[in-house]
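From first to last, the protein sequence lines stand for chains A, B, C and D.
Residue numbers 1 to 213, in the UniProt record's numbering, belong to the letters of the first sequence in order.
Residue numbers 1 to 213, in the UniProt record's numbering, belong to the letters of the second sequence in order.
Residue numbers 1 to 213, in the UniProt record's numbering, belong to the letters of the third sequence in order.
Residue numbers 1 to 213, in the UniProt record's numbering, belong to the letters of the fourth sequence in order.
No lab work stands behind these hints: they were computed from the structure.
There's no promise every hint is true.
Since the list gives no way to pick one copy over another, a pair counts as held whenever it fits inside one copy or between any two copies.
Heads up, simulated EDC-like pairs for lysine to aspartate or glutamate below, C-alpha to C-alpha not over 20 Å straight-line [unchecked claim]:
1) Lys149 - Asp161
2) Lys114 - Glu10
3) Lys203 - Glu57
4) Lys53 - Asp22
5) Lys49 - Glu122
6) Lys203 - Asp13
7) Lys149 - Glu131
8) Lys203 - Glu108
9) Lys125 - Asp112
10) Lys149 - Asp133
11) Lys75 - Asp146
Because the structure is a prediction, the values reported are computed rather than measured.
Protein chains: 4
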Amino acid sequence: MSIQILRWNELADVKDELAGRDWFFGTSGNLSIKVTDDPLTFFVSASGKDKRKRTQEDFLLVNDAGEAVERTHLKPSAETLLHVEVYGKTNAGCSLHVHTVDNNVISELYADQKEIVFTGQEIIKALGVWEEDASVSIPIMRNHADIPKLAREFAKHVYGDSGAVLIQNHGITVWGKNAFEAKKQLEAWEFLFSYHLKLLSVKNSNIVSLQVQ
Amino acid sequence: MSIQILRWNELADVKDELAGRDWFFGTSGNLSIKVTDDPLTFFVSASGKDKRKRTQEDFLLVNDAGEAVERTHLKPSAETLLHVEVYGKTNAGCSLHVHTVDNNVISELYADQKEIVFTGQEIIKALGVWEEDASVSIPIMRNHADIPKLAREFAKHVYGDSGAVLIQNHGITVWGKNAFEAKKQLEAWEFLFSYHLKLLSVKNSNIVSLQVQ
Amino acid sequence: MSIQILRWNELADVKDELAGRDWFFGTSGNLSIKVTDDPLTFFVSASGKDKRKRTQEDFLLVNDAGEAVERTHLKPSAETLLHVEVYGKTNAGCSLHVHTVDNNVISELYADQKEIVFTGQEIIKALGVWEEDASVSIPIMRNHADIPKLAREFAKHVYGDSGAVLIQNHGITVWGKNAFEAKKQLEAWEFLFSYHLKLLSVKNSNIVSLQVQ
Amino acid sequence: MSIQILRWNELADVKDELAGRDWFFGTSGNLSIKVTDDPLTFFVSASGKDKRKRTQEDFLLVNDAGEAVERTHLKPSAETLLHVEVYGKTNAGCSLHVHTVDNNVISELYADQKEIVFTGQEIIKALGVWEEDASVSIPIMRNHADIPKLAREFAKHVYGDSGAVLIQNHGITVWGKNAFEAKKQLEAWEFLFSYHLKLLSVKNSNIVSLQVQ
Chain A
1 MSIQILRWNE
11 LADVKDELAG
21 RDWFFGTSGN
31 LSIKVTDDPL
41 TFFVSASGKD
51 KRKRTQEDFL
61 LVNDAGEAVE
71 RTHLKPSAET
81 LLHVEVYGKT
91 NAGCSLHVHT
101 VDNNVISELY
111 ADQKEIVFTG
121 QEIIKALGVW
131 EEDASVSIPI
141 MRNHADIPKL
151 AREFAKHVYG
161 DSGAVLIQNH
171 GITVWGKNAF
181 EAKKQLEAWE
191 FLFSYHLKLL
201 SVKNSNIVSL
211 QVQ
Chain B
1 MSIQILRWNE
11 LADVKDELAG
21 RDWFFGTSGN
31 LSIKVTDDPL
41 TFFVSASGKD
51 KRKRTQEDFL
61 LVNDAGEAVE
71 RTHLKPSAET
81 LLHVEVYGKT
91 NAGCSLHVHT
101 VDNNVISELY
111 ADQKEIVFTG
121 QEIIKALGVW
131 EEDASVSIPI
141 MRNHADIPKL
151 AREFAKHVYG
161 DSGAVLIQNH
171 GITVWGKNAF
181 EAKKQLEAWE
191 FLFSYHLKLL
201 SVKNSNIVSL
211 QVQ
Chain C
1 MSIQILRWNE
11 LADVKDELAG
21 RDWFFGTSGN
31 LSIKVTDDPL
41 TFFVSASGKD
51 KRKRTQEDFL
61 LVNDAGEAVE
71 RTHLKPSAET
81 LLHVEVYGKT
91 NAGCSLHVHT
101 VDNNVISELY
111 ADQKEIVFTG
121 QEIIKALGVW
131 EEDASVSIPI
141 MRNHADIPKL
151 AREFAKHVYG
161 DSGAVLIQNH
171 GITVWGKNAF
181 EAKKQLEAWE
191 FLFSYHLKLL
201 SVKNSNIVSL
211 QVQ
Chain D
1 MSIQILRWNE
11 LADVKDELAG
21 RDWFFGTSGN
31 LSIKVTDDPL
41 TFFVSASGKD
51 KRKRTQEDFL
61 LVNDAGEAVE
71 RTHLKPSAET
81 LLHVEVYGKT
91 NAGCSLHVHT
101 VDNNVISELY
111 ADQKEIVFTG
121 QEIIKALGVW
131 EEDASVSIPI
141 MRNHADIPKL
151 AREFAKHVYG
161 DSGAVLIQNH
171 GITVWGKNAF
181 EAKKQLEAWE
191 FLFSYHLKLL
201 SVKNSNIVSL
211 QVQ
């Protein structure tokens, strides 16, 4: 099987799984996977598709300027420039961007702190951090309607071959060596966000008096 | 394939997807899709069906009075008149009405304000609004057991070829060019409602002191 | 197809759907469907089965004493006597009992009031109540480990050919004309419970100041 | 069918079901099933696999030291030593370890109390406790990055042929006679955790004044 078909299927599989969780509501979100390094080419979501469906028009191949490398009527996702930054600045092979209710709420609650930090969570190991009581943090940046500006600001947070950025009320972007690694990170961050919000929602309660119900 | 079969399948597909999310609890909700413009005919949900099943009796063809255009033992949904208003006043091709816990709670919380407004959310773009820091609002109207009265009040909020209305403790109705556009809007609104409720549920917490857990 | 096969499949289908929502955690819950009236026979869940699987041993036929009418190694659900009460006192054709987190929490919060009342919810129509601003209420009774005693107390709330009872921290039981009607009621009550809990979870927030986010 | 194939399939089936609930986010969690008693061998999750997929490399056979008993490129899960303790100290046949948002939040909220106690819940019967108003408790222990140390501390809570332990911010481990019994317990505990958190999230509200909405 050609490398193009392999990569397409990897990306389509990860799309199916994330779509099954309703992480692409309202056609939001986009995904990409690197195909060749030199010159850089990668598959990226076509703009405006319903990601619950699996079709031959879900992705298109683009270059290091985010432009289609073959004749096509498809348009690359409006946010393709963010994927260009990932592949330009790191050795990552896959990048995933999704909106979830929880990642949007976290990005709003902690926007002023510009990051959120998690400590003492076993699932941090999925982010490649194995020390006891380790901390991980994810930057939270402002959103911009202008995509080139958004991409430039985003690029400031892109280093390391895996990583993640929250954009305020605009979801999370993660990148990793391949689709498996990118999805693993995505799930770990989402778990941490949901955990944190659930903890906040009960933290005001008089817990001790309720322990034995 | 005839236009009737195409439209039937489009509507059945969107019904399956929404039913899979349990957005039609207790046989609530209804859907329609336009088939012809002149004279107006559209498929609408038959009354009282379990929308988790896909059958030949899920929809029936009705006219601009909401009456069946062919002999059938099926009854159009009790709320067919609302769909009549959508197709009579706009160029929309599809209209979806669902009850979710979150859209009902939002409609109750903000009933007195008669609307809820969202600002600074990336997912607003799915509603066709692309400016930075744009606001979108959705009207919230009172519910009426009398359907003709409900339809008349509903009609006051129906303009534009895509749009959405919340009825207090009676779910959301959206309309758009076709099933894809209507579903995109529906998902964007539901995302905003869920986001807002999640934010409310944690907003009283002492967030800063909990940031590093 | 014989009436037995028809009823078995109806019950198996409703079991599959409720199991898909994880409404039978820990092998909790049970279901039944009437097969004959005179003498009364009905299929009821066999005890201790994983309801996520569909097998030939999911149900067994019992009589008006809740005893198997054919030789079998299967044991009827421990709570078969509650189903006996339903068929003995009403014309219902199906009865469903499930534990959900939300119905258990509601049953605990309102145990002292012995009921919970809902008003002004469109989904009340699924319970057969069509007047504007109608109220519906569901009784909440204490739980008893002794099943004959539990069944006797339960019977006090069983009248009408469709109905519902909450047992404190022991889930909901609904009954209706057939599997479709019983499931419709079950979904309507669950919707009301989830709605109410979501509303409570945000009701303390300073809603107005958050409206425009 | 050989006992190995039977056990493999039992474990793969339970993995599929738990993975479908997203209880293995970020490749977290692990599972095992006993194959032979003397000498002890059991299948355990291979390290670092995506548990949403079902493959020939999901598990490997290990001995009472947690070491592979056949030549393989697979590595046993990093936490295999905890499973070794279960099979060494009890007659259990299956052990399941999952991270959920709710079990992690409970483990954090009650870490200082070193346990959480539940009383008066019908679903407690799934844990094998049938008396009226019975209590069940689950120990909550600190997490340790050092796995042999973690396993030693864990072992202090392992007695009885079925049981469960929460590790702070590191999920739940349950064990039981077979996959069915282990999963039944897992679901019962998760139900209790979710119930408790939902109750906490609404407990501050002015419930009486909201009863009739």
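Flag every earlier hint the structure violates by its number, smallest first. The structure conflicts with hints 1, 2, 3, 6 and 9, although it agrees with all the remaining ones.
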